[in-house]
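Peer 1: Working from the sequences, and respecting the hints, build out all of it.
Order-wise, the sequence lines are chains E and P. Using my numbering, count along the first sequence one by one with no gaps and you end on 138. Using my numbering, count along the second sequence one by one with no gaps and you end on 996.
FYI, nobody ran anything at the bench for these hints, they're computed from the structure. Backbone N, C-alpha and C define an ideal beta-carbon position, used for all residues, glycine too. Worth double-checking, as some hints may not be accurate.
Going by beta-carbon spacing under 8 Å, a handful of chain P positions derived as facing chain E [what the hints assert, rightly or not]:
| id | residue |
| --- | --- |
| 1 | Phe508 |
| 2 | Leu512 |
| 3 | Phe634 |
| 4 | Ile660 |
| 5 | Ile668 |
| 6 | Leu672 |
| 7 | Leu678 |
| 8 | Cys682 |
| 9 | Asp949 |
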Amino acid sequence: MGPNLLANYGEAVSAILFCIGFTNLLLQTNLIKKIIGLNIMDSAIYLFLAEKGYIAGRAAPIVVDGVTSVEAYINPIPSGLVLTGIVVSVSVTALMLSLTIRLYLRYHTLDLDEISMQLKREGK
Amino acid sequence: MDFICNFPFFSILISLFSGTICSVLPAKAAKAVNRLVIAAVGLMSAVLLLYLLSTGESFIYWMGHFPAPWGNEIRAGVLEAGMALFFCVIMYLSMAGGAHKLPDEVVESKHSLYYILVNLLLSSLLALVYTNDMFTAYVFVEINTISACGLIMIRQVGRTIEAAVRYMIMSLLGSGLLLFGLCIMYDLTGHLLMSNIKESVALIMANGEYQIPLIVAVALMCIGLCIKSALFPFHAWLPDAYGYSTVSSAAILSSLVSKGYIFLLIKIIYRVIGFDIFNSTRIIDVLFVFGLMGMIFGSLSAIKENDIRRMIAFSSVAQIGYIYMGFGMGTQAGMVASIFHILSHAATKSLLFIAAIGLTDVSGGSRKFIDLTGAAYRNKWAGVAFTAGSLSMVGIPLFSGFISKLLFAQAAVQVEGKMLASLIVLGISTVLNAVYFMKTVIRIYTSEQDAPYKSITFRDRKAYTVVLVCSILLNVILGVSSQPVVDMIGQGLAMFA
Numbered sequence: 015m016g017p018n019l020l021a022n023y024g025e026a027v028s029a030i031l032f033c034i035g036f037t038n039l040l041l042q043t044n045l046i047k048k049i050i051g052l053n054i055m056d057s058a059i060y061l062f063l064a065e066k067g068y069i070a071g072r073a074a075p076i077v078v079d080g081v082t083s084v085e086a087y088i089n090p091i092p093s094g095l096v097l098t099g100i101v102v103s104v105s106v107t108a109l110m111l112s113l114t115i116r117l118y119l120r121y122h123t124l125d126l127d128e129i130s131m132q133l134k135r136e137g138k
Numbered sequence: 500m501d502f503i504c505n506f507p508f509f510s511i512l513i514s515l516f517s518g519t520i521c522s523v524l525p526a527k528a529a530k531a532v533n534r535l536v537i538a539a540v541g542l543m544s545a546v547l548l549l550y551l552l553s554t555g556e557s558f559i560y561w562m563g564h565f566p567a568p569w570g571n572e573i574r575a576g577v578l579e580a581g582m583a584l585f586f587c588v589i590m591y592l593s594m595a596g597g598a599h600k601l602p603d604e605v606v607e608s609k610h611s612l613y614y615i616l617v618n619l620l621l622s623s624l625l626a627l628v629y630t631n632d633m634f635t636a637y638v639f640v641e642i643n644t645i646s647a648c649g650l651i652m653i654r655q656v657g658r659t660i661e662a663a664v665r666y667m668i669m670s671l672l673g674s675g676l677l678l679f680g681l682c683i684m685y686d687l688t689g690h691l692l693m694s695n696i697k698e699s700v701a702l703i704m705a706n707g708e709y710q711i712p713l714i715v716a717v718a719l720m721c722i723g724l725c726i727k728s729a730l731f732p733f734h735a736w737l738p739d740a741y742g743y744s745t746v747s748s749a750a751i752l753s754s755l756v757s758k759g760y761i762f763l764l765i766k767i768i769y770r771v772i773g774f775d776i777f778n779s780t781r782i783i784d785v786l787f788v789f790g791l792m793g794m795i796f797g798s799l800s801a802i803k804e805n806d807i808r809r810m811i812a813f814s815s816v817a818q819i820g821y822i823y824m825g826f827g828m829g830t831q832a833g834m835v836a837s838i839f840h841i842l843s844h845a846a847t848k849s850l851l852f853i854a855a856i857g858l859t860d861v862s863g864g865s866r867k868f869i870d871l872t873g874a875a876y877r878n879k880w881a882g883v884a885f886t887a888g889s890l891s892m893v894g895i896p897l898f899s900g901f902i903s904k905l906l907f908a909q910a911a912v913q914v915e916g917k918m919l920a921s922l923i924v925l926g927i928s929t930v931l932n933a934v935y936f937m938k939t940v941i942r943i944y945t946s947e948q949d950a951p952y953k954s955i956t957f958r959d960r961k962a963y964t965v966v967l968v969c970s971i972l973l974n975v976i977l978g979v980s981s982q983p984v985v986d987m988i989g990q991g992l993a994m995f996a
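Peer 2: Written out as structure tokens, the structure is:
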């Protein structure tokens, strides 16, 4: 296990980051901190994908000086997946931020528990 | 390849683009376009279903010009086409049943936005049903989440915004896990298409190497989809989201959105991992236990509830528990029962939500039980519909709920070791269902002479009443002639392999 862990330290780091982000998104009560957790979680997955697609000593899969050999480039699919993933994560972040603004304007706090308390007091 | 094979692609595309068109149309035209699209997609799915039943074979449709391991694909079999048809029927009924309440619930200027969201939701559901590519599935899971969130918060009350935030948080946790599981799966197998992954998974299991990462990936995907479909311990967002959004939204969310994720899970079990390999892992035991817990705790929360719509929402938690219990049995019969329950629950839950709004309308808009006393006399059709839905949920013969309970019981008897637990919990859950649903039915049929509320008759709400009658009929049809449906599900599952 030891040498494998060292050889794959990138994957290990991404798994740890994923857990940090996941826990933040789940347990923080402040909405902005939750959104930061979401971004850490998603970025950790992109790190994992990038790590998996990279082959040491090869270049990014963009043909510039006529080299078309497969051997010269890294696997392009994970990079494509990362791009798609970033688009998705940007849009959900935007949605969460807009919801946060709505809640803040209405309840003047970013604390989700506090908002729930106020809702209970309103009793509707 | 016949022209009909284009239909899955057409239906996804039509619903996606009609959303864009709706954004520039006035509210009335947007509504017409929305209805037309749902009906058209339903019609296409019905034709496709008949075609597939006659050929008896599923087909794969290339998206673009690249063959299997590289290109993106759509796959259609009997189960996919049947699900798409059913989703369209339920969506049409839900939209038509809640249409008269929409002006009260949503600001006039936002109506066309509402139809955009519904169309987007339909297209993402169809894509989840038809896709053969895991990453496409992930992207449409997110689209589904975003449009569902929009459907919750389009009614601008404090509660709905908070519910939407909670819904988003849980959903994002779920999709994060799903994506991570997917990436590990891609890492292990090197493929994104379901059929290719399945071949590689079989090789991995045969070689005996990398089994633990594989099981971790499967577990992550399962947990992700369980969170998104509100399996018992992850259901905290559900009552507010279903209880305070618009009627149509509540009906669509409870009967379609969570079912879309469950259907994706079924596809993953059959087409990505393989049914036998999935059943040999311990994951099914976990699903089984949480399913059983959901059946009991969901019903207990529903009994404590004093608000009719939140009560129906909690009942959904219990019914999702039933579906996961069927997965947990690990047999073909359990799976068939679960899929039948998806249909039966979707038909019943939308009926209950739509009927409940008729009852609260004649009780001064209040949803508390005390105000609902005698509501069934003030709105006769809603009362009848609510009673029919309740009877179906409890599991009275003639209604669809009875058949799904029967199928679950039959499936449970064949499973050694899980029979006793499932039968006992099934019994307890039925009694609990009866407690809260019959309590409500008795309440709405207790006559109250001096209620200050106005009655509503058939003449006031023709479209609404027609929708109620159609939903009751759908329920009864599922309950009376269940055998063809069960056969179709079996045939569809055979095509999955």
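Peer 1: Each hint should be assessed against the structure and marked as holding or not.
Peer 2: How the hints compare with the structure:
The beta carbon of phenylalanine 508 of chain P is not positioned within 8 Å of any beta carbon in chain E (closest approach about 20 Å), and the interface hint is therefore violated. A cut of 8 Å between beta carbons decides the hint on leucine 512 of chain P: the least distance to chain E is about 19 Å, and the hint is violated. Restraint check, phenylalanine 634 of chain P versus chain E: the minimum CB separation of about 6 Å is within 8 Å; hint holds. The beta carbon of isoleucine 660 of chain P is positioned within 8 Å of a beta carbon in chain E (closest approach about 5 Å), and the interface hint is therefore held.
The interface hint given for isoleucine 668 of chain P holds, since its Cβ lies 6 Å from the closest Cβ of chain E, which is under the 8 Å cut-off. Residue-level restraint check for leucine 672 of chain P holds (minimum Cβ-Cβ distance to chain E is 6 Å; threshold 8 Å). The beta carbon of leucine 678 of chain P comes within 5 Å of a beta carbon in chain E, closer than 8 Å, and the hint placing it at the interface holds. Checking cysteine 682 of chain P against chain E by beta carbon gives a least distance of about 5 Å; that is within 8 Å, so the hint holds.
Below 8 Å, beta-carbon pairs count as interface contacts, and aspartate 949 of chain P has none with chain E, the closest being about 26 Å; its hint is therefore violated.
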